[in-house]
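In case you want the letters, here they are:
Protein chains: 2
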Amino acid sequence: MNIVLLSGGSGKRLWPLSNDIRSKQFIKIFKNDKTGSYESMVQRAYRQIKKLDRNASITIATSKVQIPALNNQLGEDIHISDEPSRRDTFPAISLAVNYLVDILGKDPEEVVVVCPVDPYVEDEYYKAIAKLAEIAAEGTSSLVLLGMEPTSLSTDYGYIIPETKEEVSKVSSFKEKPNQRSCEEYIKQGALWNGGVFAFKIKYLLDLTHNMIDYEDYHDLYTNYDKLPALSFDYAVVEGEESINVLRFAGKWQDIGTWSALTEAMEETIVGNGTADETCEGVNILNETELPVLAMGLRDVIISVSPEGILVADKDQSSYIRPYIEGLEQQQVMFADKAWGSFKVLDVDKGGKTIKATLNAGHSMSYHSHRRRDEVWIVISGTGKTVVDGMHQSIKPGDVIAMSAGCRHTIIADTELVLIEVQIGRDISEQDKQLFELEY
Amino acid sequence: MNIVLLSGGSGKRLWPLSNDIRSKQFIKIFKNDKTGSYESMVQRAYRQIKKLDRNASITIATSKVQIPALNNQLGEDIHISDEPSRRDTFPAISLAVNYLVDILGKDPEEVVVVCPVDPYVEDEYYKAIAKLAEIAAEGTSSLVLLGMEPTSLSTDYGYIIPETKEEVSKVSSFKEKPNQRSCEEYIKQGALWNGGVFAFKIKYLLDLTHNMIDYEDYHDLYTNYDKLPALSFDYAVVEGEESINVLRFAGKWQDIGTWSALTEAMEETIVGNGTADETCEGVNILNETELPVLAMGLRDVIISVSPEGILVADKDQSSYIRPYIEGLEQQQVMFADKAWGSFKVLDVDKGGKTIKATLNAGHSMSYHSHRRRDEVWIVISGTGKTVVDGMHQSIKPGDVIAMSAGCRHTIIADTELVLIEVQIGRDISEQDKQLFELEY
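Note that the protein sequences, when read in sequence, are chains A and B.
One point on numbering: in the numbering used here, the residue at position 74 of the first sequence is 77, and numbering is uninterrupted.
One point on numbering: in the numbering used here, the residue at position 361 of the second sequence is 364, and numbering is uninterrupted.
Take the hints with a grain of salt, since some may be wrong.
Identical chains blur together in the list; that is why a pair holds if it fits in one copy or across any two.
Derived lysine to any residue pairs resembling SDA-like cross-links, with alpha carbons at most 25 Å apart [as the list claims (entries may be wrong)]: (1) K353 to G39; (2) K353 to I164; (3) K353 to A339; (4) K173 to W256; (5) K353 to H366; (6) K168 to M4; (7) K15 to T282; (8) K399 to E424; (9) K436 to R302; (10) K388 to M406; (11) K353 to K388; (12) K54 to E271; (13) K399 to D430; (14) K353 to Q434.
Hints were generated in silico from the structure; no laboratory data involved.
This one's a predicted model, so the numbers in the text were calculated from it and none came from an experiment.
When you get a sec, could you build the whole thing from the sequences and use the hints?
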């Protein structure tokens with residue numbers, strides 16, 4: 004089975020656990036019953052797919068900014084089709100499909116299923132996706148969609164009107180976010196929610212893209228990415244297609260783009276260091292810091308803590324978070340997963356910045372320098388080596404490495420390596436970074 | 004006017020802003036309208052007294068552990084009578100009165116007023132205290148108490164039953180925490196709350212103490228402090244005294260030992276980095292960290308944040324905090340005011356601990372060493388010098404000073420000096436500290 008997982012944009016609505024570079028699908032809040040540890044939506048989806056079909060070929064369509072987090076959470080042995088710039092789902096899916104052919108060597112006659120990474124689902128969902136792929140392989144229609152059985156009169160979704168109420172039916176029409184009255188009527192007719200899950204033969208979208216713009220292959224398309232229309236796949240492809248089937252799906256499928264929805268999907272009400280007294284009801288605590296959180300006498304409240312801030316919100320009210328987050332004007336990213344590990348900012352002072360970095364075993368930072376700041380590393384635990392202006396040196400806990408502005412440096416972890424980095428300077432900027440080839 | 008301010012024990016009920024070494028009277032939450040900055044209860048009381056009588060002689064009776072915080076908040080030019088061990092208010096007041104005579108050279112015929120530092124009061128309160136001192140100076144009774152006009156049928160206070168309802172009256176009797184029905188009756192008779200404010204001639208308590216135990220002077224009493232009975236002043240002195248007057252006081256007098264009471268006294272609902280959306284009502288945010296706090300859709304909730312933790316509590320429920328705090332089993336103090344400045348713990352790791360310390364200009368740490376940890380200082384801002392194993396060295400921003408276990412070290416600030424201290428070791432303990440005389 005070929006799957007393209009769409010891993011979308013940054014989510015401000017789950018602040019402070021999501022930020023400009025960490026989208027909601029990377030927040031680790033779902034307990035993996037097997038390992039006992041917490042996994043993110045991306046990890047959960049990847050695991051669910053591999054459990055169903057260990058030979059599934061998964062390609063993640065995403066933006067460059069997510070690559071370090073994906074490598075951090077899924078390892079480096081994954082397929083990523085990165086968009087050269089942010090456009091919309093049609094260009095992203097089109098590029099991914101060309102990646103399947105030209106990079107992964109897939110036969111254009113094979114089927115691919117495209118689905119967003121962020122709904123909260125159970126294993127049965129991916130079974131339905133496998134079935135979707137089978138239906139698409141039969142070739143009775145150009146496109147096959149997964150239609151979710153509505154569980155409310157929601158006006159937030161697009162509705163698919165099928166010709167029959169059978170499990171697989173031809174699609175009669177689409178209704179984009181109708182009013183509640185119409186929803187009711189459509190649902191009586193057997194309408195389904197459009198969850199953005201599409202199955203088709205690779206060739207179908209290849210041809211469609213070639214008809215749209217002139218390009219040679221994946222690399223050429225990548226270079227000319229901006230020529231692809233910035234349209235949604237629904238608008239650019241689905242709405243113009245006559246031959247579409249839909250497969251009904253009645254299992255769990257939850258959009259968790261708001262705190263209220265996310266907490267509904269949480270199996271445990273408290274993740275991280277937190278306590279709710281016995282007078283609390285419907286309280287969720289999500290704490291990514293070491294600070295103990297104590298909740299007393301609250302009802303239907305989400306408490307969410309990260310190195311970026313603290314949210315305490317009534318669950319209903321929390322969906323109106325966006326303007327407040329924009330008002331916070333976050334100056335900098337306070338924590339992030341990197342391909343080499345992760346970091347968090349411990350302190351920001353007018354004279355400097357203190358960071359804790361954890362490198363995974365076998366990983367290293369880029370070889371780089373800064374123009375406007377000195378840096379000091381103090382090794383807290385682990386072993387490895389540093390390269391400073393070409394000089395290689397083994398390091399162990401307690402070692403101190405001082406680097407003046409302009410000095411090239413990197414650190415290579417043999418074991419997991421924890422260090423404190425103190426940056427000293429008045430105008431510390433993440434942009435002040437010059438990269439070099441490592442000298443051996 | 005001689006005043007003894009009783010600065011009492013540690014307050015767990017205002018966690019996380021109070022902790023084992025920072026009592027509630029040191030939390031800076033009261034806006035000083037003149038300076039625009041926030042002051043603590045101790046600072047507020049000190050300022051209020053000095054405003055009324057700039058020649059007032061203020062002695063703070065407290066425990067050793069509070070001395071650094073007192074020096075930090077009030078300066079070093081203050082009088083502190085420190086208890087050699089924690090007992091009760093009678094020994095503490097008795098020692099303070101001996102301090103007045105033997106250390107400050109007061110005449111035993113002078114009057115002293117003793118009052119707790121922690122009620123929230125206005126300037127008028129200290130005017131009443133001055134009047135109390137005048138009444139005591141007249142000598143018509145051995146003791147003069149300040150009696151607060153009850154504002155509720157509270158069963159939490161001791162009641163003073165005066166002979167008459169006049170402003171100054173002889174005391175007829177005391178009723179310790181009566182039931183509500185009795186309260187109502189007493190109040191009809193003109194009863195007052197006992198706020199623990201006592202005025203008397205120094206000689207009165209000197210004689211009483213000498214009659215109780217055998218001692219020479221202040222230093223002798225200090226050494227023999229454990230021989231003084233561990234009793235409250237009310238029990239040891241007031242209840243056995245026949246000749247007591249009470250002065251009625253109807254002004255503001257608020258016990259602020261709980262979050263609910265404290266927030267009532269706050270002039271601003273948000274202190275520190277915090278935002279409450281327009282659907283919040285009765286929400287107070289007290290944030291001593293840099294983390295932005297966002298509150299949405301909450302009602303009558305206190306949000307309190309320090310490097311020690313996060314409390315989110317319904318105001319009524321917050322008074323039941325004690326058992327939960329004990330449950331948190333705080334391993335270590337995460338922030339504190341010191342005589343030389345202040346520190347906060349930025350990170351605790353199994354391999355080490357990272358601290359940010361701010362030294363005030365002209366101050367220095369003790370000259371000390373550690374057995375079981377190495378330390379590194381990185382200067383973020385300011386200038387001064389370090390002494391490491393007797394070697395003096397000037398320091399400036401960016402300087403790195405590495406100290407192995409066993410090495411003696413101190414830092415002396417010429418200007419305000421901010422540094423990051425990284426402690427490296429597996430068993431880091433605050434007890435692992437050996438003090439030395441500084442070598443010149």
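Cross-check of the supplied hints:
1. K353 to G39: between (41 Å within a copy, 22 Å between copies)
2. K353 to I164: neither (59 Å within a copy, 58 Å between copies)
3. K353 to A339: both (22 Å within a copy, 21 Å between copies)
4. K173 to W256: The answer is within: 22 Å in one copy meets 25 Å, while 77 Å across copies does not.
5. K353 to H366: between (31 Å within a copy, 21 Å between copies)
6. K168 to M4: Neither. Shortest intra-copy (27 Å) and inter-copy (91 Å) distances fail the 25 Å Cα cut-off.
7. K15 to T282: Classified as between: cross-chain Cα gap 20 Å, same-chain 31 Å, threshold 25 Å.
8. K399 to E424: both (15 Å within a copy, 18 Å between copies)
9. K436 to R302: neither (47 Å within a copy, 46 Å between copies)
10. K388 to M406: Answer is both; intra-copy 15 Å and inter-copy 22 Å each pass.
11. K353 to K388: between (31 Å within a copy, 21 Å between copies)
12. K54 to E271: within (23 Å within a copy, 55 Å between copies)
13. K399 to D430: between (31 Å within a copy, 17 Å between copies)
14. K353 to Q434: Intra 18 Å, inter 32 Å, cutoff 25 Å: intra-copy only.
Taken one by one, the earlier hints fail for this structure at numbers 2, 6, 9, listed in ascending order.
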